[in-house]
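Q: Listed here are the chains, written in short residue letters.
2 protein chains.
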Amino acid sequence: MADEVKLYAAAPSPYVFRAKLALSIKGVKFEYINEDLGNKSAELLKYNPVHKKVPVLVHNGNAISESLVIVEYIDEVWKGVPILPQDPYEKAIARFWAKFIDDKCIPTAFKAFGSNGDEQVVTEAREQLQILENELKVKGTKFFGGDNINLVDIAGSVIAYWVGIFQDATGLELITKEKFPKITVWAEDFVNLEVVNQALPPREDLVAFFKKMFGKA
Amino acid sequence: MADEVKLYAAAPSPYVFRAKLALSIKGVKFEYINEDLGNKSAELLKYNPVHKKVPVLVHNGNAISESLVIVEYIDEVWKGVPILPQDPYEKAIARFWAKFIDDKCIPTAFKAFGSNGDEQVVTEAREQLQILENELKVKGTKFFGGDNINLVDIAGSVIAYWVGIFQDATGLELITKEKFPKITVWAEDFVNLEVVNQALPPREDLVAFFKKMFGKA
Numbered sequence: 001m002a003d004e005v006k007l008y009a010a011a012p013s014p015y016v017f018r019a020k021l022a023l024s025i026k027g028v029k030f031e032y033i034n035e036d037l038g039n040k041s042a043e044l045l046k047y048n049p050v051h052k053k054v055p056v057l058v059h060n061g062n063a064i065s066e067s068l069v070i071v072e073y074i075d076e077v078w079k080g081v082p083i084l085p086q087d088p089y090e091k092a093i094a095r096f097w098a099k100f101i102d103d104k105c106i107p108t109a110f111k112a113f114g115s116n117g118d119e120q121v122v123t124e125a126r127e128q129l130q131i132l133e134n135e136l137k138v139k140g141t142k143f144f145g146g147d148n149i150n151l152v153d154i155a156g157s158v159i160a161y162w163v164g165i166f167q168d169a170t171g172l173e174l175i176t177k178e179k180f181p182k183i184t185v186w187a188e189d190f191v192n193l194e195v196v197n198q199a200l201p202p203r204e205d206l207v208a209f210f211k212k213m214f215g216k217a
Numbered sequence: 001m002a003d004e005v006k007l008y009a010a011a012p013s014p015y016v017f018r019a020k021l022a023l024s025i026k027g028v029k030f031e032y033i034n035e036d037l038g039n040k041s042a043e044l045l046k047y048n049p050v051h052k053k054v055p056v057l058v059h060n061g062n063a064i065s066e067s068l069v070i071v072e073y074i075d076e077v078w079k080g081v082p083i084l085p086q087d088p089y090e091k092a093i094a095r096f097w098a099k100f101i102d103d104k105c106i107p108t109a110f111k112a113f114g115s116n117g118d119e120q121v122v123t124e125a126r127e128q129l130q131i132l133e134n135e136l137k138v139k140g141t142k143f144f145g146g147d148n149i150n151l152v153d154i155a156g157s158v159i160a161y162w163v164g165i166f167q168d169a170t171g172l173e174l175i176t177k178e179k180f181p182k183i184t185v186w187a188e189d190f191v192n193l194e195v196v197n198q199a200l201p202p203r204e205d206l207v208a209f210f211k212k213m214f215g216k217a
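So the sequence lines, in the order shown, correspond to chains A and B.
Residue 192 in this note's numbering sits at position 192 of the first sequence, and the numbers go up by one each step.
Residue 51 in this note's numbering sits at position 51 of the second sequence, and the numbers go up by one each step.
Since the hints were derived computationally from the structure, they do not count as laboratory data.
There could be a bad hint or two in this list.
Heads up, the list lumps identical chains together, so a pair's fine if it works in one copy or across two of them.
No more than 30 Å apart at the CA atoms, straight line, and that leaves these computed lysine-lysine pairs for DSSO-like [said to hold, decoys possible]:
#1 LYS212 <-> LYS91
#2 LYS53 <-> LYS182
#3 LYS104 <-> LYS40
#4 LYS177 <-> LYS139
#5 LYS29 <-> LYS91
#6 LYS40 <-> LYS99
#7 LYS99 <-> LYS111
#8 LYS6 <-> LYS137
#9 LYS137 <-> LYS91
#10 LYS99 <-> LYS6
#11 LYS182 <-> LYS111
#12 LYS211 <-> LYS111
#13 LYS177 <-> LYS137
#14 LYS52 <-> LYS179
Chain A on its own, in the form it takes in the complex:
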């Protein structure tokens, strides 16, 4: 039986993108099901009754939610280009940084973009990003994964691509080349990867979407 793979999605979501990118890296064919988040489908509510959110991956009828859980699942099920390191310690470190991005970088950055430039809130977001900047500096590699992207780079796609869009949408320059040189170069390298580039949603659409979301439209 051929695999049936469906991704319940919404283009503006950086969390959806993680799952989409992981499937692309593995070369998995899948059906992309675009959800209207203002009027969610009965399938989405059935498959993710707890959070009622995208992304949901449905593989041969089995539904999985939570973007990083989905990415780990994809990595375990489909061989080929690995997404997590094989060594247990390296794997733990990758999980640590992916969690750091989710728990610290994203919430503080979102708060900053919604804050109308409140200095304290912006400083807090930059403090978290500085920790990521330092990690890239200490590693000295092109990506968090080394020469190739791994779970951390995929988790970080929200910083590599979406943050620039949030900046355009709100006018807040959270990340500049001067303040975060390593993150800036890493983000360019990441976005320029063919597998990433081909999976990214168009920039203009996202700017328009987030202008509305952050109340600047």
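The hints should help you fit chain B onto chain A, whose structure is shown.
A: For chain B alone, kept in the frame of chain A given last:
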């Protein structure tokens, strides 16, 4: 070379307990290093410079932070009794529920215990616990892991043991047998397991600690 395993710990922490329990399940001998959280050691700050928190597991010099990351590491490195399911889908489901406990149940419960019984805050915590109650009901098994405990039960130890202590410390009856019959039976079964019971910190010490923390001492 024999493995050198150290756990930087503090007895009241339910997060530390996860790591301690995982090591106990695997029968790993380790050095338990009790941290004074008011005066953290130079080693702890060196090993966990990002969060400066316990638990930190140091295995042959390699330091790992974040309790669930530590538990997954322990499961991968030491064979024997498995903590995560082997099947990728079952594994994803376990990760989903462990994350649900961390992202939803624990923050809302903590807020409730610190709220002096604010009805809205207590209701919010009970709504999250109800989702866990339903999951136990649907599964119909003794533990989240089936006949044996898995990652979800270990993550849930804060609910199985600590919530009762928070209740004694604050006087708020968040979980009752009437409201949450499945969680109540599961918690009793969990705490009564020999491997769990022998690893738990003494109840009276914790009640005293959390009375102070929640301002009731």
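Q: Are the hints correct? Go through all of them and say.
A: The hints, checked one at a time:
1. LYS212 <-> LYS91: neither (38 Å within a copy, 38 Å between copies)
2. LYS53 <-> LYS182: between (32 Å within a copy, 27 Å between copies)
3. LYS104 <-> LYS40: both (28 Å within a copy, 22 Å between copies)
4. LYS177 <-> LYS139: within (19 Å within a copy, 51 Å between copies)
5. LYS29 <-> LYS91: Result: close both inside a copy and across copies, 26 Å intra and 23 Å inter.
6. LYS40 <-> LYS99: Classified as both; 27 Å inside a copy, 23 Å across copies.
7. LYS99 <-> LYS111: For LYS99 and LYS111, both the intra-copy (18 Å) and inter-copy (22 Å) Cα distances are at most 30 Å.
8. LYS6 <-> LYS137: Between. Shortest inter-copy distance 28 Å satisfies the 30 Å Cα cut-off; intra-copy 38 Å does not.
9. LYS137 <-> LYS91: within (20 Å within a copy, 34 Å between copies)
10. LYS99 <-> LYS6: Both ways: LYS99 and LYS6 sit 25 Å apart in one copy and 23 Å across, limit 30 Å.
11. LYS182 <-> LYS111: Classified as within; 23 Å inside a copy, 38 Å across copies.
12. LYS211 <-> LYS111: For LYS211 and LYS111, the Cα distance is within 30 Å only inside one copy (15 Å; across copies 33 Å).
13. LYS177 <-> LYS137: Within one copy only: 14 Å inside, 53 Å across.
14. LYS52 <-> LYS179: For LYS52 and LYS179, the Cα distance is within 30 Å only across copies (24 Å; inside one copy 37 Å).
Against the hints set out earlier in the document, a violation occurs for number 1 only.
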